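There are 2 protein chains.
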Amino acid sequence: MNKKTALIVYAHPEPKSFNSALRDTAVKNLKAQGYNVMVSDLYAQHFQPVISKTDIIGELEDPKHFNYPNEVGAAYKKDSLCLDVKQEIQKLKLADLVIFQFPMQWASVPAILKGWFERVLIKDFAFSFPKMLDEGLLKGKKAVLSFTTGCPGGMFTPNGLLGDLNVILWPIQYCTLRFCGFDVLKPQCSFSPTHADDKQREEMLNDWGTRLKNILTEEPIMFLSLSNFDAQKWFVISDNYVEEQKNKEVGPSVGHHLGKKMPL
Amino acid sequence: MNKKTALIVYAHPEPKSFNSALRDTAVKNLKAQGYNVMVSDLYAQHFQPVISKTDIIGELEDPKHFNYPNEVGAAYKKDSLCLDVKQEIQKLKLADLVIFQFPMQWASVPAILKGWFERVLIKDFAFSFPKMLDEGLLKGKKAVLSFTTGCPGGMFTPNGLLGDLNVILWPIQYCTLRFCGFDVLKPQCSFSPTHADDKQREEMLNDWGTRLKNILTEEPIMFLSLSNFDAQKWFVISDNYVEEQKNKEVGPSVGHHLGKKMPL
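Residue numbers (the working numbering), protein chains in the order written: chain A, 1 to 264; chain B, 265 to 528.
Think of the hints as simulated: they come from the structure by calculation, not from any bench. Please read all numbers here as calculations on a predicted model, not as lab measurements. Just so you know, even glycine gets a beta-carbon here, dropped at the ideal spot from N, CA and C. Misleading hints may appear alongside valid ones.
[What the hints assert, rightly or not] Derived Cβ-Cβ restraints for the label pairs, each shown as a range:
1) B:360 - A:67: 32 to 42 Å
2) A:31 - B:467: 51 to 61 Å
3) B:350 - A:45: 23 to 33 Å
4) B:342 - A:31: 42 to 52 Å
5) B:393 - A:139: 40 to 50 Å
6) B:360 - A:216: 46 to 56 Å
7) B:491 - A:230: 41 to 51 Å
[Said to hold, decoys possible] Coverage of chain A stretches by chain B, computed from C-beta distances (three or more under 8 Å per stretch; other residues unrestricted):
8) 95-107
9) 168-179
10) 235-247
[Unchecked claim] Straight-line Cα separation of at most 20 Å, EDC-like style, residue types lysine to aspartate or glutamate; simulated pairs:
11) A:53 - B:278
12) A:78 - A:124
13) A:78 - A:59
14) A:261 - B:508
15) A:248 - B:513
16) B:477 - B:467
17) A:261 - B:513
18) B:317 - A:41
19) A:261 - B:507
20) A:16 - B:326
21) B:268 - B:483
22) A:246 - B:513
23) A:260 - B:513
24) B:328 - A:14
Put together the whole structure using the sequences plus the hints.
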């Protein structure tokens, strides 16, 4: 069996945080299984999250009107991206499993990690049209969001204050990761460690360590396939698929609910 | 009538972008109506989106274990936040209407704007427990997301490639803005201006200008009220409200769908 490689993209500024304990748990457990483990420690690396002309070395394609996605797409092909982006791309190319470890902030990833998505998931490396979803350029890699929250878990339910967690994560899990081809595994949620006692925190770490033992055999979250869309109609769900779903009471996914009940 | 004040939080790096034209349209139309208009031009200001110890001037409350939300909450009360955050807070205090103008990136706001949420929407200024939702600290202010996309509008529907736009915007419109008390107005979506012709782009600008004439009288998006939750049960939707909704076929909001059909 080939040695597996994991990349942990870690976004917390404080070395004593519970996020850092979750990262360490992952490093230890994956290494014990024989993985190669890489960590991108975004705050420690002073990762720059703002897209900029300096992401491209040398001449711009159109210096008079800076269009970031086009410029970095071209720079990727010419191997003229700046060093930190090239390094992250290189790590991502090697990874079979990518773990995003972060504290949920405003129902999303921290700005520094959002900037990683913007600067690293580049056109023609991470996505292209119409290489998307299960046909995406990062196909074959698995991704999992592992995060802590400030609020208790009950707040992230369809009856809780912040609403359905699957709705909250849709832009990241589907529109970003799945769009690029990742198989997205269910999130690892460590709810409100600040308000937990030592024993509960220990349990959260143990749960994560245990889960990691078989994580690559997990069934990914169900999303629609590229073949469910009609490329001739600008990627609207195909008539065939709508017909197939006609008598089902529940929609296939939260974003593609087809006006039906939400899947839980 | 008191003079109204608008704040445009603008996040695009290129002065020739369509986002900048949308911003200019807003400035012109609001000024013509007699508004005071302020613009926070995040890229031009070199706005720093990464949370950091340097956001607090002077002693930390707990220098051994840096907890950002607690530290900035305390610094807000002691008036010891760094200057750029103080300036943004001051503008936000004055604003009756806040327009967020940005290109949608990875189904969310750009990292630089995400960082604005993290650094400016501070505990005890923008939110507190249990001052949330319609009782939130920024109550009485209206917010609207005005954004451009790279994909056509059809992709942001329950049958489109990226799925239901209301799902995509839930973390921002509800979990962030509504959580802090804003009345959130429906988004202004300028779909794929790059692929539009001059006439279509002109129409998008005119639509925005026209809408702004009466924007403060618009009905905000319907979200649940704080009184719909049971504070005794960690803010789970109250039994009363669930009972009220019992015979309805459609859920009250995308995040609080109650296992029913999604509202469109």
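We went through each hint and held it up to the structure:
1. Take residue 360 of chain B and residue 67 of chain A: their Cβ atoms lie about 34 Å apart, and the range 32 to 42 Å holds.
2. Roughly 58 Å separates the CB atoms of residue 31 of chain A and residue 467 of chain B, a value that falls within the hinted 51 to 61 Å.
3. Distance hint check for residue 350 of chain B and residue 45 of chain A: the Cβ-Cβ separation is about 28 Å, which falls inside the suggested range of 23 to 33 Å.
4. Distance hint for residue 342 of chain B and residue 31 of chain A: a CB-CB separation of about 44 Å, consistent with the stated range 42 to 52 Å.
5. At roughly 43 Å, the beta carbons of residue 393 of chain B and residue 139 of chain A sit within the given window of 40 to 50 Å.
6. Evaluation of the 46 to 56 Å hint for residue 360 of chain B and residue 216 of chain A yields a pass: the beta carbon distance comes to about 53 Å.
7. Checked against the hint of 41 to 51 Å, the C-beta distance between residue 491 of chain B and residue 230 of chain A comes to roughly 45 Å, which is consistent with it.
8. Counting residues of the stretch 95-107 of chain A whose CB lies closer than 8 Å to any CB of chain B gives 3, so the stated coverage by that chain holds, three being the minimum.
9. Figure legend: the stretch 168-179 of chain A, annotated as covered by chain B; annotation consistent (8 residues with Cβ-Cβ distances under 8 Å, at least 3 required).
10. For the stretch 235-247 of chain A, the proposed coverage by chain B is satisfied: 4 residues have a C-beta within less than 8 Å of a C-beta in that chain, meeting the threshold of three.
11. Taking the CA atoms of residue 53 of chain A and residue 278 of chain B, the gap is near 10 Å; set against the 20 Å cutoff, the hint holds.
12. Simply put, residue 78 of chain A and residue 124 of chain A have alpha-carbon atoms about 12 Å apart, close enough for the 20 Å limit, and the pair holds.
13. As the CA atoms of residue 78 of chain A and residue 59 of chain A are separated by approximately 11 Å, the hinted pair is consistent with the 20 Å bound.
14. Taking the CA atoms of residue 261 of chain A and residue 508 of chain B, the gap is near 18 Å; set against the 20 Å cutoff, the hint holds.
15. The straight-line distance between the Cα atoms of residue 248 of chain A and residue 513 of chain B is roughly 15 Å, inside the 20 Å bound, and the hint therefore holds.
16. The suggested pairing of residue 477 of chain B with residue 467 of chain B holds, with an alpha-carbon distance near 16 Å, which does not exceed 20 Å.
17. For a cut-off of 20 Å, the pair hint linking residue 261 of chain A to residue 513 of chain B stands: about 9 Å separates their Cα positions.
18. In summary, the hint linking residue 317 of chain B to residue 41 of chain A is supported, as the alpha carbons are separated by about 17 Å, within the 20 Å threshold.
19. A C-alpha spacing of about 18 Å is found between residue 261 of chain A and residue 507 of chain B, which places the hinted pair at or below 20 Å, so the restraint holds.
20. Under the criterion of a C-alpha separation no larger than 20 Å, the hint pairing residue 16 of chain A with residue 326 of chain B is consistent with the structure, at around 12 Å.
21. With a CA separation close to 18 Å, the supplied pair residue 268 of chain B and residue 483 of chain B stays within the 20 Å bound.
22. For the hint pairing residue 246 of chain A with residue 513 of chain B, the CA-to-CA distance comes to about 17 Å; that is within 20 Å, so the pair holds.
23. Restraint check: the Cα-Cα separation between residue 260 of chain A and residue 513 of chain B comes to about 10 Å, which is no more than 20 Å; the hinted pair holds.
24. For the proposed pair residue 328 of chain B and residue 14 of chain A, the alpha carbon gap of about 10 Å is at most 20 Å, so the pair holds.
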